[in-house]
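**Student:** Chain by chain, the residues run as shown.
4 protein chains.
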Amino acid sequence: MNFASDNVYGVHPRIMEALSAANDGTAASYAGDDLSKRAETMLSEVFETEVRAFLVTTGTAANGLALSAITPGYGAILCHAEAHISCDECNSPEFFTGGAKILGLHGAGGKITPALIEKTLKGFIRGEHDPKPRGVSITNATELGTVYRPSDVKAISDLIRPRGMKLHMDGARFANAVAGLGVSPAEVTWKSGVDVMSFGATKNGALMLEAVVFFDLGLAEDFAYRRMRAGQLVSKSRYLGAQMVAYLENGLWLENARCANALARKLAAGLSQVKAVSIPNPVEANEVFAIIPRKLNDRLLASGAKFYDWMPDSLGNAIGPDEIFVRFVLSFATPDADVEKFVALAKG
Amino acid sequence: MNFASDNVYGVHPRIMEALSAANDGTAASYAGDDLSKRAETMLSEVFETEVRAFLVTTGTAANGLALSAITPGYGAILCHAEAHISCDECNSPEFFTGGAKILGLHGAGGKITPALIEKTLKGFIRGEHDPKPRGVSITNATELGTVYRPSDVKAISDLIRPRGMKLHMDGARFANAVAGLGVSPAEVTWKSGVDVMSFGATKNGALMLEAVVFFDLGLAEDFAYRRMRAGQLVSKSRYLGAQMVAYLENGLWLENARCANALARKLAAGLSQVKAVSIPNPVEANEVFAIIPRKLNDRLLASGAKFYDWMPDSLGNAIGPDEIFVRFVLSFATPDADVEKFVALAKG
Amino acid sequence: MNFASDNVYGVHPRIMEALSAANDGTAASYAGDDLSKRAETMLSEVFETEVRAFLVTTGTAANGLALSAITPGYGAILCHAEAHISCDECNSPEFFTGGAKILGLHGAGGKITPALIEKTLKGFIRGEHDPKPRGVSITNATELGTVYRPSDVKAISDLIRPRGMKLHMDGARFANAVAGLGVSPAEVTWKSGVDVMSFGATKNGALMLEAVVFFDLGLAEDFAYRRMRAGQLVSKSRYLGAQMVAYLENGLWLENARCANALARKLAAGLSQVKAVSIPNPVEANEVFAIIPRKLNDRLLASGAKFYDWMPDSLGNAIGPDEIFVRFVLSFATPDADVEKFVALAKG
Amino acid sequence: MNFASDNVYGVHPRIMEALSAANDGTAASYAGDDLSKRAETMLSEVFETEVRAFLVTTGTAANGLALSAITPGYGAILCHAEAHISCDECNSPEFFTGGAKILGLHGAGGKITPALIEKTLKGFIRGEHDPKPRGVSITNATELGTVYRPSDVKAISDLIRPRGMKLHMDGARFANAVAGLGVSPAEVTWKSGVDVMSFGATKNGALMLEAVVFFDLGLAEDFAYRRMRAGQLVSKSRYLGAQMVAYLENGLWLENARCANALARKLAAGLSQVKAVSIPNPVEANEVFAIIPRKLNDRLLASGAKFYDWMPDSLGNAIGPDEIFVRFVLSFATPDADVEKFVALAKG
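Residue numbers (this note's numbering), protein chains in the order written: chain P, 1 to 348; chain A, 1 to 348; chain E, 1 to 348; chain D, 1 to 348.
In isolation and in its complexed conformation, chain P is listed as follows (with noise of 0.2 Å):
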């Protein structure tokens, strides 16, 4: 009963072979072998659009290097205070824009709206006294599960883009929201103005494998060196491309996810029916936050399940002294067996 974080699981066995498939015979190194190229091909496809498409090794990367396509050093990027880039990734935003502000605002759900935006841009009246606003990241699926609807990303970047500022998308997890939201992936990405995203697969199904994809071609023109000097242009580069391909392929990317999502609704009832538990936000990934006793949480832990506790402070109130808020993360491949055995812990 692990429920830790979706990255405990391992690569979906379509992936796995496709690494084997790849490794006959030499191929082009950095970027320059056919599985490469194939993978950009087919996320231009995915998209709908032409996109040019840069394999990375971690999420990390991917939103720092995204992050620095946007904003030198003296701006500043607004996103969710719970987001990734500003409080989990070790200042890692900072040291690949060059020491742009990350500027954390408190919205409800995990998601910021374009009033909590203005008025942060309202903020920024002392000209070079204050960093200039360069861009906005969203995460899509939030970081508490919730998701970013066409019409929630279009009214940001209806906001930002008249200002010449540009949005990222932080898609560590875009497969769960693409299935949640049974959007395509045009529809909530460019068509609702992203410029640009990192697009995750390693959290769902990938072995080790990020893709900066970029919607606003001009600002493509220089990442590759961006890539080049961050490290992140890996040689055997067809082991990264071989991953996309597969991921992508049939679709596996959004089954993996839909299949994730089913199992965190799953978790949703059942726990929804134990007394004295609430889930404050909607389930509509995958990704289940509860605010459960404390006793309970001792409980389950002592039962050997495993779940981080999570930081409260997007509850204001809505959370006891014997209470705690607690998170469960499911991936295709939690077993179902885990999730029914857990909801029955939990009940009993």
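Some hints here could point you the wrong way.
Straight-line C-alpha distance at most 25 Å; calculated PhoX-like pairs for lysine-lysine [as the list claims (entries may be wrong)]:
hint, chain 1, residue 1, chain 2, residue 2
1, P, K341, P, K295
2, P, K306, E, K191
3, E, K347, E, K306
4, P, K266, P, K154
5, P, K306, P, K275
6, E, K266, E, K154
7, E, K154, P, K122
8, E, K306, D, K37
9, A, K37, P, K306
10, D, K306, E, K37
11, D, K275, D, K295
12, P, K275, P, K347
13, P, K119, P, K154
14, E, K191, E, K154
15, A, K154, A, K119
16, E, K295, E, K306
17, E, K191, E, K37
18, A, K347, A, K306
19, A, K122, D, K306
20, A, K306, P, K37
21, A, K122, A, K154
22, P, K295, E, K122
23, A, K306, D, K122
24, E, K306, E, K275
25, A, K295, A, K275
26, E, K306, E, K266
27, A, K295, D, K122
28, P, K122, E, K275
29, D, K347, D, K306
30, A, K341, A, K275
31, P, K295, P, K275
32, D, K295, A, K122
The set of hints was computed from the structure by calculation and includes no laboratory data.
Fit chains A, E and D to the known structure of chain P by using the hints.
**Tutor:** Showing chains A, E and D alone in chain P's frame:
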């Protein structure tokens, strides 16, 4: 007949099997898994001393991170003018170190000497108007296919250690150096004064794997933060650990290197018999550099063989107008028949 | 009637004379001149201990450079949310430190407390996924015109020192703090645990002059390199030295500060008598912050008086919709008559 | 007899008077004052075109900031191997640009040529494995006392402009170059293709003042943020503006430069008559470089004269074992009698 690089070849089957074997069940992420821990333990065994080892995904990242542990942005690192960190990494060392100066020295055969270093250090006479010399980086095996012997390494260490400078070894082809030297890994590293090294595995059979290995454990103190900040802390870290364990187990790393080195010697021996071909440096690892007539170069390329021409800077006047300097890299996976066929072509 | 800032006023005549006096003949450049050396000696005398002092040209540079000596790019500095380093320096601390996180805490009256710091540090529980807390920066006098007493400073130091964190004091208005507190410079700095400070002079009568003063001499080790690299090693350094010598000589710095502080108290006393004006924080240095009716604000501005409205974040619900939060800064050079005239206007 | 540097001399009386004159009353801070604005206007007049000018405090900061406007961290700047940015600024260009490569080329007489630049650019053949060449920086007058003529500048611009590269001029001694050349400031800058320059004043009579002057106004777009972030936006900015106004007014800057240049020619003429002294480069500005016997060097130093020996790298084999390469810098404030006395000493 692909001699373009060792990274155009695939992953050794035992390493690919190890990845599959690691794929069952759940595992702690972010270097908390058992395989990552075992990898560090095995590296301590290989080096016959306690080391701290941090697995990362590329050699460029390994070098940059290692250098960031030994120099601040106002420091200088001395290396060979043709060192990978000096001319192949798109300012990556500057990025990771926050702007340190990478000073390339012109030494024969891809190697720098205490005399060269000392002469350079004598130029640092104006206090803070110069950067502060903080380290030396040597590549072993070198970018020109030669090796530093333990006595070479120690002579450099003996010069710089009293000045508070640290010694880094770029071991992208360390296995080839060890195999070529016939010494223990310990002898040519910490026993000779190396403080930190980039321990390469990708070129020699891994999929994507390098380790930053600290012999000076104090330098490793905050290194986990550096790795994370650089986007090099892999979430599904078990797949890095698995590669390293398989790479070291039963001496696979040295077995592969010996194989590649033997092929290099065979190629060199064959080419030496060709009139008008000269091999300016000793062939001590898995690379062969040759001065060949342009006509022969064109004929070999036309035959479908792949190899690169190389900067002739190190040759001085040894190369004529109708000649070209070329590089051949041999891998454990290079077919023996390819070498024979190529030599026959060259002779014919 | 200019209360916009202390930096709208000029240079104290004794400092201007010192510049002229320093203009004869030749002098060593780049801090090698006698006046720069004497400035350092005099700062040691002022602080009653051996310090290392580095003269620079702006407070922003002094802060950034000082912070760079106590945190690497993967570190975090805790400060007040309204600290100059947090919201007035366009990412300069991030620039100088190579990307460190500047974490603003919300404390009453512009001050942070051990309790606030401790609570924040408790959030750093995830190792390298968070930055490493390396220091605390407090501003004295604060950006809200209050001061840290020696006991306030010591309480913070006692909390963070055992955790290996360093304490920085932004002393852009240090003279005003010392004058307001009536303690010795030593008592409120190193004797209370300050490791390094930005010692301001520009706002209090100099032309362009700040000093980074190290009490922890080990932190100063490579600081000359940092200053040079940042373009802050002035060639004709005698003119910085001359300013500092004149600023300290015969206690001019405290004389000026006492004058400005007295004017602030006078202004506050006058405004307190105005109905509907409230002064939320104690006036402990040379700044007065007041909540005033918008109508009064408009009338005062219309009269030609200059002062700025201020972010009301620190006031919570204490400010009404028809009120505005404003700042008045007093300088040694502010005409006494201006204060009287302004108070009369406000009353009228 | 101090020929060590032009920065060992003081401030021109007219500039010192201007500082005093600027000291009355209040003035807007942070470059909002009238004198700063007038300085920009006057620079536009001097250059006969609309420029954007940003006043800063040191030449190192001016250079670093200017370069940061033309290259990102993954870029490269080509310059002379003895350029100040390459070997006198402690990695400052790397700091300001976020890690760009400063590539020093070896040209005769302190100058680089289109041929040298073109040869270097031909080495950039491997895409993102190399940094991206983004600019060239030339110093005028050069670090070896020579000057670039308009035709020299234009030839470089004609080569690099079509490649998207920008041209920076380090004008720490620009007045001396203009005075030496007898051309207009416009002719040798923007009319010949310079995009941005560091316009020096400190060495030629100011107290502490340089300007970053943009001819390519697009490059200036966010420069106010860069200056602020670097701690170079001076609060009491009127004192920078006042210096610049006085420096330009009535041609003081060129008057001073002509005086210094004449002294340099006089010194060179005198030394030329000394047996065993040779002057390898033309004396075109305010510096004289000479090869002199070590014995003479020792005797002159013993007499109390101050001057520095210089790196003989540019001389090749032209210097013998008993000779030394020395530099003499002349200032507008160098006493004529000192030159005469020194020449007499050398002859004697």
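**Student:** For each hint, tell me whether it holds in the structure or not.
**Tutor:** Structure-based check of each hint:
With a C-alpha separation of about 18 Å, the suggested pair K341(P) and K295(P) falls inside the 25 Å cut-off, and the hint holds. A hinted pair counts as satisfied when its Cα atoms are at most 25 Å apart, and K306(P) with K191(E) does not qualify at roughly 48 Å. With a C-alpha separation of about 17 Å, the suggested pairing of K347(E) with K306(E) holds against the 25 Å cut-off. Taken as a hint, the K266(P) and K154(P) pair is broken in the structure, with Cα atoms around 31 Å apart against an allowance of 25 Å.
Restraint check: the Cα-Cα separation between K306(P) and K275(P) comes to about 21 Å, which is no more than 25 Å; the hinted pair holds. Only pairs whose Cα atoms come within 25 Å are accepted, and K266(E) paired with K154(E) is rejected, the gap being roughly 30 Å. A distance of roughly 37 Å separates the Cα atoms of K154(E) and K122(P); the hinted pair therefore is violated under the 25 Å criterion. A distance of roughly 21 Å separates the Cα atoms of K306(E) and K37(D); the hinted pair therefore holds under the 25 Å criterion.
A hinted pair counts as satisfied when its Cα atoms are at most 25 Å apart, and K37(A) with K306(P) qualifies at roughly 21 Å. Distance restraint check for K306(D) and K37(E): the Cα-Cα separation of roughly 21 Å lies within the 25 Å cut-off, and the hinted pair is therefore satisfied. Distance hint between K275(D) and K295(D) is fulfilled; the C-alpha atoms sit about 13 Å from each other, no more than 25 Å. This hinted pair checks out: K275(P) and K347(P) have alpha carbons roughly 8 Å apart, not beyond 25 Å.
At roughly 18 Å between alpha-carbon atoms, K119(P) and K154(P) fall within 25 Å of each other, so this suggested pair holds. Between K191(E) and K154(E) the CA atoms are separated by roughly 8 Å; this keeps the pair inside 25 Å, and the hint holds. A distance of roughly 18 Å separates the Cα atoms of K154(A) and K119(A); the hinted pair therefore holds under the 25 Å criterion. For the hint pairing K295(E) with K306(E), the CA-to-CA distance comes to about 15 Å; that is within 25 Å, so the pair holds.
Only pairs whose Cα atoms come within 25 Å are accepted, and K191(E) paired with K37(E) is accepted, the gap being roughly 24 Å. Of the pairs offered as hints, the one joining K347(A) and K306(A) holds, with about 17 Å between alpha carbons and a cut-off of 25 Å not exceeded. For the hint pairing K122(A) with K306(D), the CA-to-CA distance comes to about 22 Å; that is within 25 Å, so the pair holds. In summary, the hint linking K306(A) to K37(P) is supported, as the alpha carbons are separated by about 21 Å, within the 25 Å threshold.
With a CA separation close to 20 Å, the supplied pair K122(A) and K154(A) stays within the 25 Å bound. In summary, the hint linking K295(P) to K122(E) is supported, as the alpha carbons are separated by about 22 Å, within the 25 Å threshold. Between K306(A) and K122(D) the CA atoms are separated by roughly 22 Å; this keeps the pair inside 25 Å, and the hint holds. Taken as a hint, the K306(E) and K275(E) pair is honoured in the structure, with Cα atoms around 21 Å apart against an allowance of 25 Å.
For the proposed pair K295(A) and K275(A), the alpha carbon gap of about 13 Å is at most 25 Å, so the pair holds. Distance hint between K306(E) and K266(E) is fulfilled; the C-alpha atoms sit about 17 Å from each other, no more than 25 Å. Distance restraint check for K295(A) and K122(D): the Cα-Cα separation of roughly 22 Å lies within the 25 Å cut-off, and the hinted pair is therefore satisfied. Taking the CA atoms of K122(P) and K275(E), the gap is about 31 Å. The hint is violated against a cut of 25 Å.
At most 25 Å may separate the alpha-carbon atoms for a hinted pair to count; K347(D) and K306(D) meet this at roughly 17 Å. Restraint check for K341(A) and K275(A): the C-alpha separation of about 17 Å stays at or below 25 Å, so the hint holds. Simply put, K295(P) and K275(P) have alpha-carbon atoms about 13 Å apart, close enough for the 25 Å limit, and the pair holds. Annotation: proposed proximity of K295(D) to K122(A) holds, straight-line Cα distance about 22 Å (limit 25 Å).
Comparing the model with each earlier hint shows violations of hints 2, 4, 6, 7 and 28; every other hint is respected.
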